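Engineer: If you want the building blocks of each chain, they are given just below.
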Amino acid sequence: MNCRLLVALCGVWIAGCALAAPHEHAHDAPKIDKPIVFLDKSPRIVAFQLARLPDAQLLLVDREPTHLKYIPVYEAILLRPAIPANLKQDAVAALAKINKSDAATEILGALKRLPEDQSALAVGLAKLLIAQPAAALKKHHAALQEIAGGDSPAAVRQAAFAALAATQPADALWNFAEEKSGTAYLLIALPLVPDAAVRAAFYAKTAPLLQASTDAPLRRAAVAAVARMPGHEAAAFAALAALVAADADVADCARALAAIPKAQWPAAALQKLATDLLTRAKAIPQSQRTENDYLDIAQLGLDLAAKLPRETGAPIRQAFAALGVNVLRLRTLHEQMLFDRALLVVEAGRPVEVFFENTDVMPHNWVLAAIGAADAVGAAAEKMPPKPDALGRVHVPDMPQVLQASRMLNPGEHARIAFTAPKVPGDYPFLCTFPGHWQRMRGVLKVVGDMETYLAQNPTAPVEIKITEWKSADFAAALTATTAAGDPARGKAVFAKAACASCHQLGAEGVAFGPNLSDSIKRLKGDGLAMLTEILEPSRTIDEKYRNYNFDLTDDETVNGLILKEDAAGVTLRTGPGEAQVQTLPKKMIKTRRPSALSLMPAGLLNTLAREEVLDLLAYLRTANAPARP
Amino acid sequence: MKRLSFLFAFAVFATSLTAAPALLGLKPGDHICLVGGALPDRMQHHGGLETLITAKHPAHDLVFRNLAASGDEVATWHRSENFGTREQWLTQTKADVIFAFYGFNESFKGEAGLGKFKADLGKFLQEAKTKNYGGKGVARVVLFSPIAAEKQADPNQPSTEATNANLKQYSAAMAEVAQANEVPFVDLFAISQGLYAKAKAPMTFNTIHLTEAGDLAIAPDIFRALFGAAAPSGNLDSLRAAVLEKNKEWQARYRTVDGFNVYGGRSKLTFPVSKEKGAPKITNFDVMQQEMAQRDVKTANREKRIWAVAAGKDLKVDDSNLPVVASLESNRPDIKPFLSGEASIKHMTVAKGCKVSLVASEESHPALVSPVQMAFDTKGRLWVAAWPSYPELRPTDKVFDKLLVFELDAQGRVAKSTTFLDGLNCPTGFQFYKDGVLIMQAPDLWFVRDTDGDGKADWKERVIMGMDSADTHHTTNAMAYEPGGATYLSDGVFHRTQVETPQGPVRNSDGCIYRYEPLTHKFERYVPYGFANPHGRVFDYWGTDFITDATGNSNYFAPAFSGFIPEPKKHSGLKTFWKNPSRPCPATTILSSRHFPEEFQGNFLNLNVIGFQGIFRAKFSADGAGVKGESLDHLLQGDNAMIPNFRPICAAVAPDGSLYFCDWAKELIGHMQHHIRDPHRDKAHGRIYRITFEGRPLLKPVKIDGEPIEALVEALKTPEDDVRTRAKIELSKHDSAKVIAATKKWAAALDKSDKDYQHHLTEALWVHQWHNVVDEALLKQMLRSPNHNARAAATRVLCYWRDRVKEPLALLKVQATDEHPRVRLEAIRACSFFKTSAAAEVALEALDKEADPKKPDYYIKYTLDETLKALSDFK
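Protein chains in written order, with my numbering: chain B, 1 to 630; chain X, 1 to 875.
Source of the hints: derived by calculation from the structure; they are not laboratory data.
It is possible that part of the hints are untrue.
Below, a list of computed lysine to aspartate or glutamate pairs in the EDC-like style, where the Cα atoms sit at most 16 Å apart [as the list claims (entries may be wrong)]: (1) B:34 / X:873; (2) X:869 / B:33; (3) X:733 / X:705; (4) X:855 / B:116; (5) B:41 / X:841; (6) X:379 / X:407; (7) X:569 / B:566; (8) B:588 / X:567; (9) B:588 / X:81; (10) B:112 / B:75; (11) X:129 / X:81; (12) X:434 / X:450; (13) B:127 / B:90; (14) B:587 / X:407; (15) B:587 / X:81; (16) X:569 / B:567; (17) B:591 / X:714; (18) X:703 / X:714; (19) X:116 / B:567; (20) X:854 / B:116.
Bear in mind that the values here come from a model prediction, so they are computed numbers and not experimental data.
Please build the complete structure, drawing on both the sequences and the hints.
Structural biologist: Have a look at this one:
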């Protein structure tokens with residue numbers, strides 16, 4: 001398994017646009033009523049009305065950047081966790097226009113209004129704030145300092161510190177933070193700062209805090225920050241390793257160390273750190289050896305051992321193995337439709353546990369298939385209606401090629417799958433069998449006869465997945481240049497191997513779950529930049545025909561999907577691209593329904609592509625507008 | 001009961017002397033099935049048309065099966081789980097001829113619904129042409145239009161203009177569709193209008209549903225329209241009696257109560273047939289379907305008698321041919337023996353000062369078995385609904401459920417007992433109304449009266465039809481009166497109720513409480529909510545109501561969630577006002593009696609029957625716009641080890657101020673924990689007890705029965721809630737004009753310095769509401785009363801008078817910004833009924849009065865959310 005395979009498996013779903021030209025659809029668009037809102041009332045009445053609207057309805061409330069009465073609408077948008085950043089950016093711009101201010105002023109205002117327990121929202125606003133030009137932020141230096149040094153909620157102070165990093169030199173900001181007892185906030189904010197050089201400038205001040213004698217909260221903030229300061233990897237590694245040796249924040253250090261690129265790990269320090277981690281791991285009681293902290297420590301220990309020569313590495317690995325069940329961590333990547341590891345290695349016939357956490361925003365499962373059976377399992381799962389099997393699992397086909405399977409995990413859930421590794425060595429594919437995911441979301445469980453032999457023959461660690469948070473602006477120049485960038489022929493290869501067609505039709509090919517790409521391309525007149533924006537920001541404009549609805553059911557289940565049909569008896573939903581994923585919910589089972597402001601299409605589908613591949617794909621889409629011929 | 005004589009007058013011939021061609025010819029052995037709403041549903045209880053057709057075809061051995069249900073539409077079949085479709089029932093009853101009565105319920109959609117109605121009707125007729133239900137060829141369908149609404153002089157009757165405009169249009173559309181599909185059509189709209197014009201007395205009791213006399217009057221005209229000949233004449237009383245006897249049996253089968261346990265979800269529950277290890281299992285379904293088979297045979301046996309009487313002979317019905325029903329052993333073999341009613345008392349612990357005494361038990365009164373609801377009438381007699389058949393009657397039962405009346409002596413003991421009504425099945429709830437009683441007999445609510453004063457009911461009208469009983473103990477009970485004269489019905493989960501009203505059909509799925517004004521026939525959903533089983537409902541001194549969901553003993557402040565919400569929506573989860581110490585609760589009441597000391601006044605009494613088997617006591621205090629309850633010492637607790645079968649099920653304050661309560665007296669009580677026919681379901685016990693407070697005098701009962709209007713109005717000053725309610729019941733027997741005049745005079749002469757002056761005025765307002773007489777000046781005065789409770793009560797009255805006062809929203813706007821949150825909450829609630837966004841705007845004004853703009857009061861926020869949710873559908 002290597003990164004090429006992952007890169008090639010791209011699923012693209014261009015978001016529908018409300019302005020789409022009329023064309024045939026398999027279903028009538030469900031209607032979200034535009035709410036009646038009285039904006040000419042007292043602030044509390046206006047706030048009450050807006051607060052009770054679901055996101056999608058809030059976005060239908062009249063608003064123009066022309067009149068004061070629309071201010072509460074924009075302000076409400078800014079404080080909704082699930083409204084995408086681009087729409088918040090629009091709201092910020094509108095507020096700036098109405099108030100004759102600038103974006104930074106409005107974001108700062110929103111941060112000040114932020115309720116206490118909304119740290120994720122604060123991080124989102126902080127990102128918007130940091131994205132403002134440095135010159136603009138400099139103008140608000142005083143205001144930022146006031147917030148950063150004041151008594152706002154922690155998340156708000158952190159956001160202000162992240163912005164201040166762009167407005168003043170590291171030393172000056174550090175002194176300010178110390179003066180205001182805000183050093184920990186500054187350190188926690190630093191990883192948000194996109195400019196690596198700015199982060200790195202704080203190394204000199206941060207490093208001295210990596211001492212066992214430092215106050216624990218401050219030290220933990222420093223531990224997390226120091227791992228993300230390019231140019232200081234070796235020193236940071238050493239300092240963190242020293243903390244491990246001193247038994248201070250071992251698990252935090254393990255996580256920070258894992259964030260330092262493996263290529264930068266100093267070879268000479270590996271063995272001692274691995275041994276120290278082993279000592280710490282042994283000190284953790286047996287009962288806690290399936291908890292996060294232990295798993296992170298053990299994982300780092302094994303990763304370190306894997307980089308050691310066999311004679312030193314093998315005993316360490318064996319010692320870790322003897323401590324408890326071999327637990328393999330596996331997570332999902334946020335809005336990428338990917339597992340965070342493409343390769344897991346186990347010894348044949350040994351007990352193993354996969355600790356699978358769904359850290360994404362959509363449901364995923366983990367299914368281990370027989371060698372070479374990924375496509376068969378994925379295709380069979382796709383045809384299944386979303387009915388639970390005897391073990392309560394959905395989309396797990398009843399076929400011998402399915403070796404292990406978790407249940408379908410909702411966002412934030414985790415599962416442990418304990419089993420004995422297959423006796424026959426080989427590459428056993430694992431995949432998420434949620435329809436539409438399986439072509440892209442895969443990895444390999446490599447079953448080897450002897451781990452030491454395998455590691456000796458494969459000295460390099462698996463290539464890590466490279467994620468780039470692409471923005472339209474990154475491609476603006478290339479896509480508006482007179483000579484169009486990208487190679488359609490290569491793009492076709494990207495598209496052909498990709499999972500785009502598992503949700504979209506291009507011409508007559510593919511699955512008609514999301515909008516037809518030919519129609520979207522025609523509507524956008526082949527404008528590459530516009531197409532890219534729709535792929536990268538699928539929630540910016542959603543055609544009501546493709547509106548995702550969340551249903552809470554009387555049996556405490558939640559179901560999401562597009563509404564195909566509704567009558568007195570029930571609501572017919574399509575929950576995924578599979579033909580079998582059409583289900584009718586009896587009306588009596590529906591407790592509540594909420595239209596979602598989020599598109600069903602993940603926003604990060606292009607983020608594993610290289611820049612050239614993005615351009616190639618767009619070049620292909622731009623020229624593929626002609627209807628498919630038989 | 002007295003029956004109207006079926007002597008058809010010769011006036012029949014006057015309607016049409018020229019015979020039209022026959023629309024229908026019948027063949028020997030034809031099965032005629034009736035489908036449609038309340039019009040055909042009621043025909044089975046009156047039997048006019050069926051009797052005439054049978055009389056005309058004495059040798060045809062016709063089989064009539066009534067498949068109608070109040071509320072049905074051509075494309076709406078609202079039934080509980082697994083009831084079976086129209087298609088399945090037409091097949092099962094082998095329909096050769098289908099009488100289809102549609103269009104009434106559909107017509108309330110007006111012009112906008114006409115297109116869909118015609119399409120649905122056309123589809124039904126076309127599909128029928130492809131069916132051979134009876135095995136003898138394609139079913140022959142006759143289509144009947146709805147009857148017209150009958151304009152009545154009584155000002156309490158609904159207006160008919162708009163309804164008839166729609167009905168006329170829908171009838172014309174039916175004629176069109178019938179013609180296009182070559183199906184015979186009978187224009188009952190025209191026929192009924194012709195008859196109304198000539199009738200000496202109203203033919204309907206509520207403008208839309210025919211009385212028995214109305215049914216008998218219209219039957220000959222329907223007959224003539226169908227067969228092109230005059231209906232048979234002469235005395236058909238014995239034939240009609242035979243028809244009604246058969247129809248009663250068929251109704252008990254087709255619309256069997258407890259459907260969820262007979263054919264629905266819980267019919268699948270299995271129980272071992274014996275306690276032997278490995279004994280086979282038997283479901284509720286197995287046994288109950290065998291009972292249904294018995295009812296089929298009983299129906300057929302009665303049909304044979306109809307044929308005999310039609311042929312001029314007679315036949316004794318012989319039910320010796322019933323199929324066998326399986327029996328099983330109890331899954332609770334070790335039933336504790338009962339202590340006597342008297343001996344049980346020493347195993348009850350009561351609050352300090354209280355004393356329990358036995359009033360009656362099955363030992364002295366064998367009919368007193370499984371009492372389920374109790375109430376004191378205006379004569380001070382205690383009425384008890386006895387339910388020995390629980391969960392429901394068997395086809396072979398010889399003992400039926402009853403409505404019993406106990407006359408009490410000065411010591412509160414039974415002096416005499418009588419049976420007012422026998423032959424009942426599951427009388428889950430009743431309430432006094434005028435000179436009679438409303439009693440639940442699912443799927444109908446009967447109004448029964450004793451017209452000759454012999455102490456037994458002899459007159460009956462089905463005033464509400466279509467109350468479901470898919471689970472008999474989820475059926476309407478605790479029929480409390482609000483102070484303004486409406487009473488309340490209810491459904492628990494699994495139910496599918498559909499009631500036809502002069503304002504259109506009202507449907508609901510699962511739990512709901514309904515508000516019913518018997519005087520005006522208004523019936524609407526009051527609290528549609530995810531209740532399991534809302535048994536408890538009670539109004540306090542100021543008309544604030546509290547609702548209890550029995551299963552979890554969840555107690556709710558009702559004004560918050562009784563606003564309008566369009567069907568099928570329900571209200572969102574509401575917090576409970578009191579942390580109940582145990583569950584479940586079969587009934588609640590408010591202790592309003594000066595016989596008890598001050599600290600007992602207004603206590604919320606919450607009865608509980610499992611684990612804690614006794615009566616909880618809680619006191620109310622304000623919680624923003626709502627209330628909260630705080631537990632006090634228990635009023636009473638049974639010792640479960642000694643009297644495990646003690647199940648206090650209902651309670652009522654007596655005219656002398658003591659508190660009476662009934663003991664259901666069963667060890668097995670669960671509907672689903674034991675087989676429906678578990679042999680240990682007790683059918684022999686029931687007790688009535690009385691709690692007095694030692695050392696305090698009993699109250700002198702206020703005389704109500706037969707008192708002059710002035711005395712009754714004066715009785716409205718009495719602090720006891722029950723006395724005032726019974727005074728208003730008595731007043732409702734009197735002429736409204738006289739009652740209102742006396743009330744106004746009384747109100748004007750009240751002592752303004754009386755501390756209860758504002759409450760007395762509120763009672764005057766409620767008397768107006770009870771008599772359906774709007775007094776805008778009094779309403780406006782009370783809306784601005786110095787007492788916030790009076791303002792809140794008046795706001796509730798305004799809600800129900802909103803269509804008859806000028807600028808109701810302007811009045812509500814003032815209430816919405818009242819100083820007191822309770823008044824604001826009532827205003828917000830009232831706004832939900834207006835179905836305009838302007839009302840939402842008024843409701844929102846209430847927020848400006850909240851102390852903390854960021855955190856409005858819980859109840860204000862909840863009710864405002866619900867009102868806005870209701871109004872979000874309207875522009």
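Engineer: Checked against the structure, which of the hints given earlier come out wrong?
Structural biologist: 11, 14, 17
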